[in-house]
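Enquirer: Following the hints, complete the assembly by docking chain G onto the known chain F.
Same order as they appear, the protein sequences are chains F and G.
Every letter in the first sequence is one number past the one before it in this note's numbering, and letter 37, counting from 1, is 62.
Every letter in the second sequence is one number past the one before it in this note's numbering, and letter 36, counting from 1, is 38.
Incorrect hints may appear among the rest.
[Said to hold, decoys possible] Facing chain F, from chain G, some residues (calculated, C-beta under 10 angstroms):
1) ARG69
2) GLU71
3) VAL92
4) ARG95
5) ARG135
6) LEU137
7) PHE142
Simulated from the structure, these hints should not be mistaken for lab results.
Predicted, not measured: the structure shown is a model, and the values here were computed from it.
We treat Cβ as the ideally placed atom computed from N, Cα and C, and that holds for glycine.
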Amino acid sequence: MLLAYKAALASPRVRAAAIESTEFPALADQMEVYAVPRIVVNGVPQWDGAVPERVFLDRVLAPAFE
Amino acid sequence: MVAIFRPEDEERVRELFAALERPVELLVAHGPEETPLPGAAQDVDFGAQTERVVRGLADLSERVTVRVEEKPPSFDRYPAVSVQPEGRDVGIRYYGLPWGYELGSLIGAVLEAGRVESSLRPESLERLAALDRELAIDVFVTPT
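Pulled out of the complex, with its shape left as it was, chain F reads as follows (with noise of 0.2 angstroms):
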């Protein structure tokens, strides 16, 4: 969550949100949220689990979104 955070702090582009999902269900039943942390971009579902610094940068700028 914080690298989310970090990045939204660093860039005017980017916008980053926790979602605590038992208080949510009926929006983490739609992004399929089984095991966390579930990182969403754009709202489609990318991964799950803590990854460190580059690989996160990596994941959320992937080509597909570019």
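Expert: Just chain G now, with coordinates in the frame of chain F:
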């Protein structure tokens, strides 16, 4: 003062907040709440508890302040917290009651927001600077 930490943890957070280089505002957004899952606490007023936790954090430093708003724009659901360096909305949201492990990430967000310079590596900052579109990152978490 609202105590939300054990004394040793509170002291640690106080020390961390003492190093903030600039003020950080915590905006608490209240509004209509969803029904949580069975098994999650049904009789918890999430909005009130969120405000309590956030005020507890703000009590630990003069540089951390709280603002409370009812249904502000640019919030998708409630309750929510926005971490705002010098009162600026930079797109950081915590949706739900920040507790347990996730309270740590909220504190981490305050610490990072209180820094004048990002703690990301230079190559990471370069990559972010080259971004040519909006990026909305949502992380689904649980407090345990």
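Enquirer: Give a verdict on every hint.
Expert: Hints versus structure:
For ARG69 (chain G), the suggested interface contact is broken, since its CB lies about 18 angstroms from the closest CB of chain F, more than 10 angstroms. Interface restraint check for GLU71 (chain G): the shortest CB-CB distance to chain F comes to about 17 angstroms, outside 10 angstroms, so the restraint is violated. Annotation: interface hint on VAL92 (chain G) holds; nearest CB of chain F at approximately 6 angstroms, less than 10 angstroms. A distance limit of 10 angstroms between C-beta atoms decides the matter here; for ARG95 (chain G) the minimum to chain F is near 4 angstroms, and the interface restraint holds.
For ARG135 (chain G), the shortest C-beta to C-beta distance to chain F is roughly 7 angstroms, which falls under 10 angstroms, so the interface hint holds. Using the Cβ-Cβ criterion of 10 angstroms, the hint placing LEU137 (chain G) at the interface with chain F is satisfied: the shortest such distance is roughly 5 angstroms. Restraint check, PHE142 (chain G) versus chain F: the minimum CB separation of about 4 angstroms is within 10 angstroms; hint holds.
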